[in-house]
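*Asks:* Chains A and B are the protein sequences, given in the same order. Residue numbers for the first sequence follow our numbering, so the first one is 5 and each next one is one higher. Residue numbers for the second sequence follow our numbering, so the first one is -17 and each next one is one higher.
Think of the hints as simulated: they come from the structure by calculation, not from any bench. Please note that a few of the clues may not be correct.
Here are the simulated distance ranges between beta carbons [to be verified]: (1) B:A257 / A:M5: 28 to 38 Å; (2) A:S116 / B:Q25: 23 to 33 Å; (3) B:Q166 / A:G18: 34 to 44 Å; (4) B:I26 / A:V76: 14 to 24 Å; (5) A:T142 / B:V241: 39 to 49 Å.
Quick caveat, the model's predicted, so the values are computed rather than measured. Each residue gets a CB set at the ideal place from its N, CA and C atoms; glycine is no exception.
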Amino acid sequence: MNAIIAEGLTKTFGSGEKAVKAVSGVDLSVDEGTVVGILGPNGAGKTTTVRMLTTLLPLDSGRATVAGHDVVREPQAVRASIGLSGQFAAVDENLTGRENLWMFGRLYQLSSKEAKKRADELLEQFSLTDAADRPSKTYSGGMRRRLDLAGSLVIHPRVLFLDEPTTGLDPASRLDLWDVIRERVSGGATILLTTQYLEEADVLADRIVVIDQGRIIAEGTADELKAKVGGERIEVVVHDPDMLHRATEILQRGSGGQCQVDEHTRRLTVPSTAGSKGLVQVIRDLDEQQVDIDDIALRRPTLDDVFLELTGHKAEEKETKDDQQSADSVATQGGAK
Amino acid sequence: MTAVQTSPGELAPKSAGLKQVFQDTMVIAWRNIRGGLRVPDTQIYMFIQPIMFVVLFAYVFGGAIPVQGVNYREYLMAGIFVQTMAFAVAPASVGLSDDMHKGLIDRFRSLPMARSGVIAGRVISDLASQFVVLIIMMICGVIVGWRVHNGIGPFLGGVGLMLLFAFAMLWVGALIGLAVGNPQVAASAGLIWLFPVIFLSNAFVPPETMPTVVQTMAEWNPISAIVAAGRELFGNESIIVSDAWPMQHPVPAALLWCVLITVVFAPLAVRKYKAAASK
């Protein structure tokens, strides 16, 4: 059973010479109860795709069903089955946390009493009880995101859309929110989340869809994608250029992979499958052989690496000219602090 | 309850529809009022500004602006009421552009609520706050010497007219707010053109003192018709020496203006809302 099906979605903003294709032919199918992560840089068309699937934006072409309902023909039925938590916390900042959740409950057509009860549960579940009766403008960024997320869960939605749920949060709040999202995952809802962070997709999603310039360019599990870009690597910068050769031998012996050498920066890069253990071993070996090093690190592939591998350009490079930019920036002016 | 035999599939969504529109509108109106009252701007707008205008005009300008043959404070009050009702443009434009700006409209649109609820809720809450403002001003007016001379019927008619005018102006505000989409810009764009329009009327001084061209503009200004109608309904003295039709028949003219403004601006605002919301 597919909770989300999309076929050939396209969306163009503007017309004539200024026309920008934000989404050009996206196909998706998401199994019930799974988490799919849409990974891509700013302006790749992630938000536009989510806005089309959540009935906020008409489709130019293609078709989509969410929770079994056609987004064009049965938008109200779609809305009654989904939760949407946006990139920029869309809660009413003059209302308290409790009032916000009550309001969302009412607009999801719960009775006043049900909405009240549900608000209490969610406040508890999202550790907002202490702040429940303060206007949400006094909340920290992380609290506001939690409230926004809680607002999208008022009805136990069958399909939950999380549009860049942690963008702009500090690392601690990000980890905190990941926990919250993971707990929800066990609740059995289907989740579609968009993110710019490979790590986030890795932690949260069962399957990752990589999108660039409005097209899907890769699909698979996190492991499959990482395998594509070569997995983890150990990077070493040796102190003495004369030691490059000896260091290269040590690294190749340790990993069995091909070692790349940049003589100019004295940097060596070698694939590693043993994780931090491998790193420790390399440090030991280098030390034994009296190779002095300036720097050593275990590097995990980032979105940049994925992009470099898949598209030949870096994720950020294309940000400036991009399509969705206009649409994104409209949303951006909002709650960003 | 009359039971009409129809297939449940046809009837249920419709009757649920109307009830839902009402309910959703009230929820949105509730949140506008509840949240709005926590904002200092709104508190000043609702409780300080009306008192300030009454007192300022009555005591500061009151002595300096002699209007031949009438009690200026009585003459003035309808003008101030109308001015403040016209200011309904501000909360409507700022409120809607703020919701747009912060992404709340998107949140609302992703919920299974009545589509019209957001705008209708805004209209209801702003109308309610304009009503409170009007009551505060009338009480202040009575304190500074304003009186109603025509009995309860015309008085209530006058109150109704003021609210009808506020209702019409709300749509103008809604259109401005949705068009500019930024609360700061909306705040000034909503009011900047209103001041000359209000001063170019009979609100504070009789148009007869103005140069001919300006006088004609003032006589045909919708504000003048509504102010004149207010004076007539409240039974406040005014000297109308103008032959212009709206000045001779202020109540029908005022009603016509309110209807005209609403008929023009309400559909434009709704269209703008639909367009702006699907970007």
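*Asks:* Hint says 23 to 33 Å; check whether the CB-CB distance for S116 of chain A and Q25 of chain B agrees.
*Replies:* holds, 27 Å
*Asks:* Evaluate the given range 28 to 38 Å for the C-beta pair formed by A257 of chain B and M5 of chain A.
*Replies:* Holds: the Cβ-Cβ distance is about 36 Å, inside 28 to 38 Å.
*Asks:* Given a hint of 34 to 44 Å, does the C-beta separation of Q166 of chain B and G18 of chain A actually sit inside it?
*Replies:* violated, 26 Å
*Asks:* Okay, I26 of chain B versus V76 of chain A on CB: inside 14 to 24 Å?
*Replies:* About 46 Å separates the Cβ atoms of I26 of chain B and V76 of chain A, which means 14 to 24 Å is violated.
*Asks:* Evaluate the given range 39 to 49 Å for the C-beta pair formed by T142 of chain A and V241 of chain B.
*Replies:* Once the Cβ atoms are compared, 44 Å apart, the range 39 to 49 Å for V241 of chain B and T142 of chain A holds.
Hint violations for this structure: numbers 3, 4, all remaining hints satisfied.
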